[in-house]
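Visitor: Starting from the known structure of chain A, arrange chain B on it as the hints suggest.
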Amino acid sequence: MNIFLQATFEGLSLGAVYSLVAIGFVLIFRATDVLSFAQPAMVVVGAGIISYFSTQIGIPFLFAFFLGIILTGVLGLILERTFLRPMVGEPVFSVAVLTIGIDILLRVVLDNWIGINPKYMGDPFPSYGNFGSVNIAGLTVKYLEVTALITALMLIFVLSVFFKKSKYGVAMRATSLDQEAALAQGINVGRVFGLVWFIAGLLAAFAGFFITGGFNTLTNTSFISALRALPAVVIGGLDSITGAVVGSLIIGLTQAYVGYYQFDIESAYNIKLGNGFSIVAPYVIMFVILIVKPDGLFGTEEVERV
Amino acid sequence: MLSVQNLEVVYQDVILVLRGVSFDIPKGQIVSLLGSNGSGKTTALRAITGLLDTQNGDITKGKIFIEDEEITNAQPSKIVQLGIAQVLEGRRIFSELTVRENLRLGGFTANDSIDENIERVFTLFPILKDRDKNTAGYLSGGEQQMLAIGRALMSNPKYLLLDEPSLGLAPKLVQQISELILEINSQGVTVLLVEQNANMALKISSHGYIMETGNIVMDNPSSKLLQDQDVQEFYLGLNAEGTERKSFKDVKHYKRKKRWLS
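Chains A and B, in that order, give the protein sequences.
Sequential numbering of the first sequence, starting at 1, is according to the working numbering.
Sequential numbering of the second sequence, starting at 1, is according to the working numbering.
Just chain A, with the same shape it has in the complex:
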């Protein structure tokens, strides 16, 4: 039972972090109809900026953290303005390929900076108490995971209020529903796109810290963790924020359960799944769900004339 609770908690926390990346995917997809493949790169770039400020420049961690988040948001804004704004009205496929280009560009620059030694975040969690974790009723709860869960929940709450109440939040929803009608209301659609990329950047940087923080480090392969938000959005449906959150939780829980129970399953059925199957398992889940519901759990079914 304890193992089950432990796995559930870790899975939820992991899923909450993935959901931040996934929401970024969904926001950009809804606003511009493009799946931005640059999102995982934004995650690691965010982590890189935080790490640079807190360990190399040496400013206090909290300042570095928020500076990194804001700067990643601004980076999103700049990318949208320079690369994506001129592509408005071009075929979706071209724009998607362009985002792959941005992804490669960002990662090459970052990998060059990382080099061969892993980068640390300089965050307070590793030294905190008993190796950054505490025992609650037999569960080993990492501070980083608790913080990740709470932060993600708060961000999702703030976002939902933003979309319901604020002028630009409602304008963003309207733009994703009908661009031309939004233009006719005098909404500056270009500014809305910029804002979407800014928010996606902020969320990516938050996720970047939680993926690479604590005892985890920022390495050349960190972006693979961020990439796991992609099956999450596919499971949830590309155009639903609720779907993104649910999909992320499914992915996080799957990964945690498989991680904890893989050995039991293997010995019970006398099979060999191989090392690190927990990382592959989310994609298996995605496969199964896509067979049953091709548009994802919460996605709108696309009606297209053949």
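Treat the hints as calculated values from the structure; they're not laboratory data.
Some clues are possibly wrong.
Going by beta-carbon spacing under 10 Å, a handful of chain A positions derived as facing chain B [as the list claims (entries may be wrong)]:
hint	residue
1	Thr-82
2	Pro-86
3	Val-88
4	Gly-89
5	Lys-167
6	Glu-180
7	Ala-182
8	Ala-184
9	Gly-186
10	Ile-187
11	Asn-188
A short list of chain B residues far from chain A (calculated; beta carbon distances all over 12 Å) [said to hold, decoys possible]:
hint	residue
12	Met-1
13	Asn-6
14	Phe-23
15	Ser-95
16	Gly-141
17	Leu-180
18	Asn-199
Even for Gly, the Cβ is constructed at its ideal location relative to N, Cα and C.
Guide: Same frame as chain A, but now just chain B:
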């Protein structure tokens, strides 16, 4: 006065849609713009409100003025701020948003007066007040049209461009909408009415323009247009004597390529 001078619009760099269209909308009046499908009415509206970009269209010649300010190729948000609001063809309300959110978006450029404008829209369309918190997509066709018009009024427009407000509505609702247009006009909003329903449009407007394949082919006070033989035959479905309705079979035989006033 909103004035369009010698406007030429090309879609996709090759399709010439407007071939030198000029018309004036004097302040305080209702002007109607009639024409069959594909004659360029909607394109003319898009050119005025700056929505050609999304359709890959360009203004290649001509100018558009509001009062004395040129607004050719201006940003849509600036045009809305200058006091031109467009009700798009087919209503185009934000279906997943509530009625109130739709109205708030209409007032995107007139943020200070949102509350009083919502009150104004609710007095014009009391039905919307009851539907305040409903999802706009679940409103009936007539209510959606009222919402679309109300949304356009939220930006305090001096000029209201209506693209086929009678589209897909029952005759009784068309009557109601036309009364509302008169009411809006009496509050000091100048209206440009683009319509297929020529009967309704000419009855409430003071002046009418008729378009065909990208040209203005006729331009007369509405009362005169209502008396015109060609208009009667083409738009009002009356035969040359104006006494008896033509059967559908005969209408089909009518030479559609006929040029006006030739």
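Visitor: Of the numbered hints stated previously, which ones are contradicted by the structure, given in increasing order?
Guide: The structure breaks hints 1, 2, 15; every other hint is satisfied.
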